[in-house]
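Turn these sequences into a full structure, and let the hints guide you.
These protein sequences, in sequence, are chains A and B. Going by our numbering, 280 is the number at position 280 of the first sequence; the sequence numbering is gapless. Going by our numbering, 179 is the number at position 179 of the second sequence; the sequence numbering is gapless.
One thing to keep in mind: the hints can contain errors.
[Stated by the list, open to error] Cβ-to-Cβ under 8 angstroms is the rule here; a few derived chain B residues that face chain A: (1) ARG94; (2) SER102; (3) LYS105; (4) THR117; (5) GLN118; (6) GLY127; (7) ARG143; (8) GLN157; (9) LYS178.
Source of the hints: derived by calculation from the structure; they are not laboratory data. The beta carbon of each residue, even a glycine, is placed where N, CA and C say it ideally should be.
Residue-level listing of the chains:
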Amino acid sequence: MALVALVAGARLGRRLSGPGLGRGHWTAAGRSRSRREAAEAEAEVPVVQYVGERAARADRVFVWGFSFSGALGVPSFVVPSSGPGPRAGARPRRRIQPVPYRLELDQKISSAACGYGFTLLSSKTADVTKVWGMGLNKDSQLGFHRSRKDKTRGYEYVLEPSPVSLPLDRPQETRVLQVSCGRAHSLVLTDREGGEGHVFVWGYGILGKGPNLVESAVPEMIPPTLFGLTEFNPEIQVSRIRCGLSHFAALTNKGELFVWGKNIRGCLGIGRLEDQYFPWRVTMPGEPVDVACGVDHMVTLAKSFI
Amino acid sequence: MGSAGLSRLHGLFAVYKPPGLKWKHLRDTVELQLLKVLGVGHGCRLLTDMYNAHLTKDYTVRGLLGKATDDFREDGRLVEKTTYDHVTREKLDRILAVIQGSHQKALVMYSNLDLKTQEAYEMAVRGLIRPMNKSPMLITGIRCLYFAPPEFLLEVQCMHETQKELRKLVHEIGLELKTTAVCTQVRRTRDGFFTLDSALLRTQWDLTNIQDAIRAATPQVAAELEKSLSPGLDTKQLPSPGWSWDSQGPSSTLGLERGAGQ
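If you want it as structure tokens, here you go:
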């Protein structure tokens, strides 16, 4: 405050230099010849702008944990020679990433899901590639990624985020809302402008398209008639998907909960103990709003009808 | 007339029965119009086949909120009156969605399919699962066409129904809405593939019209029966006769019932 007063005018400065501002008691840092000169020098220094007024916060993805399955998506942890830099090959493998590590990606990721040794990331983009997967792929839980060495086989481990292709009619008009992963299978929920949310499933296990479909490397769409779509109800759409370890749950916009998969100790809640090979309604005295799936049990949050 | 005319009289046709008229009276009237011609012969067997096909029927059901009666009719003995100002179209739609969901589940349960088979899955995808034997009333579709409290109009597509069960449905909808309701009208708009448009009016109950109607319906009857009774679906033997229609039955009946002068 004293410096500003000096710049304004000597007369003002004399007025302010009262008892508390005696020149003998206080010196400016940097040992400038006088306070006025110091202030002038400072005014000439350019101001650096690091962030503007309307800066937008950028999206980031951080990963950590066990990296040898490839689920972290950083190839240099597993195969150091693939990393950048001249001495990358000499660095040791990193088995565990104990603190968050930033994953460099171009797209803005809107949904992420972790399975057993694999990860799925999805973005609400209108591009053709909307879902990336990395990690274990022995059961085709990441789809099919053709190996460069042997064109007939796929990679068993995918070490960096690789596109998973979905068989969409109109990819430019469809957006992926959610991804969810189980032990060896994956689910994806899409939303087409026009209102046809579809569910795609792939991987290994009871996938939900009958007892014959046990493994699929190509994402398969679950027919919407199984979620209650009829002539009477043409506007049924799945609004949320969740995966348990070996079972799946889907909530529709009409407030119905569908489950399918392995019925481990009754985790499906359908009144029977047998496995369910296609989506089946769970009825309860209330309208389900959200659902959580575990290994052998499930919990639903609901509202009463009236 | 002669035998040529008689031979064209084998088949099914639909007739419009106004509310309040007993169906036996209607049947007698149609017979008289045909000058006591023997009934439509082979058509009676087709009737049984149609029953075995377990096709769905469409109804429009009119309900009235605010009171409950013992037989679920408007003129029954009053049991309770309740408020209904909290009922909105959205709540009604939600209740109907739940009813439809639980009935769709029951459709599959009563059809006795082994759900672990691939064919059960394929039928579920096509929406074809239907019980082919006795079961309680099952609703394959229900929606609200009109809602102006206290009145509302539902369209119900169901099978193995009785009129009382349809009225009870209105009563139960009232209970789910935390109020009460009675049924004021039940009107069948479709039976299998016979719709209101193909039903003959009172003025049309004469031989020519009946012959034309039978002829028009025959190909549809054959196609539908073949589709429904084809092997691979669970067909049962002839059931005991007897729809239990109450006196104020739904307003259209199938042609000449079994026993009509055979």
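Taking the hints in turn, this is what the structure says about them:
With 8 angstroms as the threshold, the beta carbon of B/ARG94 comes within range of chain A, its nearest partner Cβ sitting at about 6 angstroms, so the hint holds. Annotation: B/SER102 was flagged as interfacial toward chain A, and the flag holds, the nearest CB pair being 5 angstroms apart, inside 8 angstroms. Of the supplied interface hints, the one on B/LYS105 holds, with its beta-carbon coming within about 5 angstroms of a beta-carbon of chain A, less than 8 angstroms. Using the Cβ-Cβ criterion of 8 angstroms, the hint placing B/THR117 at the interface with chain A is satisfied: the shortest such distance is roughly 7 angstroms.
Checking B/GLN118 against chain A: minimum C-beta separation of about 5 angstroms stays under 8 angstroms; hint holds. Hint status for B/GLY127 relative to chain A: holds, with the closest Cβ pair at about 5 angstroms, below 8 angstroms. The beta carbon of B/ARG143 is positioned within 8 angstroms of a beta carbon in chain A (closest approach about 6 angstroms), and the interface hint is therefore held. Given hint, B/GLN157 at the interface with chain A, holds; its Cβ is 7 angstroms from that chain's nearest Cβ, closer than 8 angstroms.
Against a cut-off of 8 angstroms between C-beta atoms, the interface hint on B/LYS178 holds, since the closest Cβ of chain A lies about 5 angstroms away.
Violated hints for the displayed structure: none, as all numbered hints are satisfied.
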